[in-house]
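With chain A fixed as given, assemble chain B with the ligand onto it according to the hints.
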Amino acid sequence: MMASSTTDITAFLATQRDKTTLRFITCGSVDDGKSTLIGRLLHESKCIFDDQLQALEKDSKQYGTQGEKIDFALLVDGLQAEREQGITIDVAYRFFSTDKRKLIVADTPGHEQYTRNMATGASTAELAVILVDARKGVLTQTRRHSRIVAMMGVRHVVLAINKMDLVEFDQAVFERIDAEYRVFSTELGFASIHSIPLSALEGDNIVTHSARMSWYDGPPVIEYLNSVDTAPMSERRALRMPVQWVNRPDQHFRGFCGRIADGRVRAGDPVRVLPSGVLAHVKDIVVWGGAVERAAVGESVTLTLAEEVDVSRGDVIVAADAPPEVADQFECRLLWMSEQPLLPGRPYLLKLHNKEVTATISEIKYCEDINSGAHLAAKILALNEIAVVNLSLSQNVVFEPYAQSRTLGGFILIDKLSLETVGAGMIEFALRRAANIHWQALEINQQVRAAAKHQAARCVWFTGLSGAGKSTIANLLEKRLHAAGKHTYLLDGDNVRHGLNRDLGFTEADRVENIRRVAEVAKLMVDAGLIVLVSFISPYRSERRLARQLFAEGEFVEVFVDAALEVCERRDTKGLYAKARRGELKNFTGIDSAYEVPEAPEIHLLTGTADSVACVNAMMEQLAIR
Amino acid sequence: MTSYHINALSMLEAESIEIIREAVAAGRNPVMMYSIGKDSSVMLHLARKAFFPASPPFPLLHVDTTWKFRDMYAHRTRMVAESGMELIVHTNQDGLEARVNPFTHGSSFYTDVMKTQALTQALDAGEFDIVFGGARRDEEKSRAKERIFSFRAPGHRWEPKAQRPELWNLYNTRIKVGESIRVFPLSNWTELDIWQYIHQENIPIVPLYFAMVRPVVNRGGTWIMVDDERLPLAKGESPEMRLVRFRTLGCYPLSGAIESPATTLEEIIAETFNARSSERQGRLIDTDQPGSMEKKKQEGYF
Ligand SMILES: Nc1nc2c(ncn2[C@@H]2O[C@H](COP(=O)(O)OP(=O)(O)O)[C@@H](O)[C@H]2O)c(=O)[nH]1
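Chains as they are written, first to last, in our numbering: chain A, 1 to 626; chain B, 1001 to 1302.
The following block holds chain A by itself, in its conformation from the complex (with noise of 0.2 Å):
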């Protein structure tokens, strides 16, 4: 593409802006043709630079293996004494870009010894090239790559069907290998498996479809790469901060820096601290120069809380209504990386997202054959061997199991002597459960309450005349907070005349009596974590006064029904005010005995000129349930 005039520049930076990372790693024996691959896909997307295919042209003909012709796979061998052997052997990070993705690969070689090497490489990998000659078919090396990039969590695999030029490019071969390896592959539980014909040496079914192989109707390598959907990062779920360092330029100010593993956040948001299970309340989301909104998964980000809280390295921030658990003992999948054998009952250091604590392999429950999955008996652990074992630490650390979250279940082990890391290891799930801890740590109260409900308990009070229409509004409104999920309750005259203030006329002492025991009901319920809704006339300002006293600033919702008493007594749904005005009824509000209009009432409903439903949409709005 020739980007020249301003337009296109500006066009090329918003197309490079949009485009998102993917992470794959290639996987295939020795000679299967991975090098020349990976060489083809740099080559193809415009990658290499022509002194760079100069270079590479002088190098195929001191070291390659095609004579004359280029040797892609001399692009990706890297350091001289591998050069000069003939092997590469160590993980290789490239990078190329589609016209969506940037792509960064993991090059792993195939030898059996470097196990490890590939896990490395799986660990933060999405997807996996899984390389075949179709010459050979599924071998055992082919077996054994699939099993490790299935334990690391890569949930997709291009099945590379390479060398397909020396099969003569024959469709019941292609067709064998992909049955056999399906078969094979069920129990590894990948999510997607896409099978492509190939020569990565002559360049077929790479960028283009290859003419030799009209047979294949699906996408090249890179168009499948482009669009391959690997089950993104979601931001629906619950938000997951492990906190790395503490930003505490002064007393004025203090950030707890991390990036986010999981879900979002937002200003204002009610979180936890892990493991303390402390509540607390995101203050600020502090960006270079300013704050944001919102952050979400992937983003480094700093947050301060509106409480001030004990949070330090290796705590975790989580959303408040969704904390994960927090334990010390687990089983857990272990892939040992260290020439030293691993021996139970000897205590490593274990890293845990930013934890670090001791640990020790209480028991080797068994060891994995990675070739077969066979499950053997073992007493130690040796080099690239796999295991699944019982670990126990020092203290608490908060986690989830690996196949929900590769920050929060992924660990490695470190040699306390020579500091080396020894071992990966995958957190299946907790022995013993110190799930409830947090809980005893912290105090029950509303907001805790609340949390579990998912969200604010709150005391709606309706006032107003007699046939105002405080029950129908409060009745739409209770109907359409439990639709959305919400747990409420509706106290009015109805339920609680009959029962708890029974002994209660309506003398104002009486009804200065009524309206202080429904309050404290109220109370009682919005501590409980409710939304309380009171629909009752409460004509008189001090004792409406007195029930927003008994509530925190901002849980007390004043609403005021306001109707005309004309409006009212032509409406007289109860018969109440011909009742009142023959003077079957004593003290009766508006015609007997005052009634005192609120001065400032939250909310101020008119309805004698507007209709229910509508007051009823103002209030879910002003009251900020969605």
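Everything labelled a hint here was simulated from the structure, so no lab data went into it. Among the clues, some could well be false.
Said to hold, decoys possible - Taking lysine-lysine and the DSSO-like style, the derived pairs with C-alpha atoms no more than 27 Å apart in a straight line are:
1. Lys283/A x Lys1049/B
2. Lys58/A x Lys1145/B
3. Lys1145/B x Lys100/A
4. Lys416/A x Lys1176/B
5. Lys486/A x Lys283/A
What the hints assert, rightly or not - DEER-style ranges, computed between Cβ atoms:
6. Gly1220/B x Glu57/A: 15 to 23 Å
7. Gln1200/B x Gln404/A: 29 to 37 Å
8. Met620/A x Gln1200/B: 37 to 45 Å
Here a beta-carbon is modelled for each residue, glycine too, at the ideal position from N, C-alpha and C.
Same frame as chain A, but now just chain B with the ligand:
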């Protein structure tokens, strides 16, 4: 369920910030290599973002060969003032006294004395054991295998076999006395990412990256800028005025300019994307012997 994709550049930024914070959290004695070039500029910017509103809790280190472009020194002064960070400048005094220069001693020896040895001296003097560097994996073949946290034995030696596996984003920052870690927060960035990010974030860079008519001489097919009177001219050789810019900056006698009309970031990006030769072409030290970058790395050069 809505899917959420963070874009590639934001992902890189987040990853780099995570790396920088992790290295600092290791609780050692960190320092950030500051070479004044575009990668350093991006790395410095990321560090400032990582610790905002605080300043990054480490000093900058510039290994000064005394042969940098004058514009680079000016830019250094500006960025130090803007960031409020401490700057350590180190020059190999022995080399300076022996008048080691790129002309009479050859680029290989010069680089060893004025860069590799100088760096080692500065790190030893400051007892720094976490050293941030701006290298990227896409720059050169042997770097593709470099770890993000690259382990160095005593004496700063890089041993390919002693490198620790890096799984997930979990970095083992434990080391013994005398050992150190080079940390490369830009490992997964490409040259295009760097330019895009500079554009997006408005990061100040040395003017030499933009095309201007400059005095140059042709040395073996490469344009070398006559930045001061120290550049020896052959008999009859006189600088030509040409419209050039630099894709990488180092010591001026070793940095090749390219002829280019690109005077804005947008034009640089367009040119880079369409470029048919890699940025290292302008670096004269890469090709002087086979596997040369690997050898230098083993000796302690970045
Ligand atoms: N005929 C043929 N040969 C291939 C193909 N792909 C790779 N090769 C050759 O197979 C050999 C091993 O390839 P290489 O890429 O080094 O394999 P690696 O060990 O998996 O990286 C080399 O001689 C390649 O040229 C292909 O599609 N067809």
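So, going through the hints one by one against the coordinates:
no. : hint                             : verdict
1   : Lys283/A x Lys1049/B             : holds, 19 Å
2   : Lys58/A x Lys1145/B              : holds, 22 Å
3   : Lys1145/B x Lys100/A             : holds, 26 Å
4   : Lys416/A x Lys1176/B             : holds, 11 Å
5   : Lys486/A x Lys283/A              : holds, 25 Å
6   : Gly1220/B x Glu57/A: 15 to 23 Å  : holds, 20 Å
7   : Gln1200/B x Gln404/A: 29 to 37 Å : holds, 33 Å
8   : Met620/A x Gln1200/B: 37 to 45 Å : holds, 40 Å
Comparing the model with each numbered hint stated earlier shows that all of them hold.
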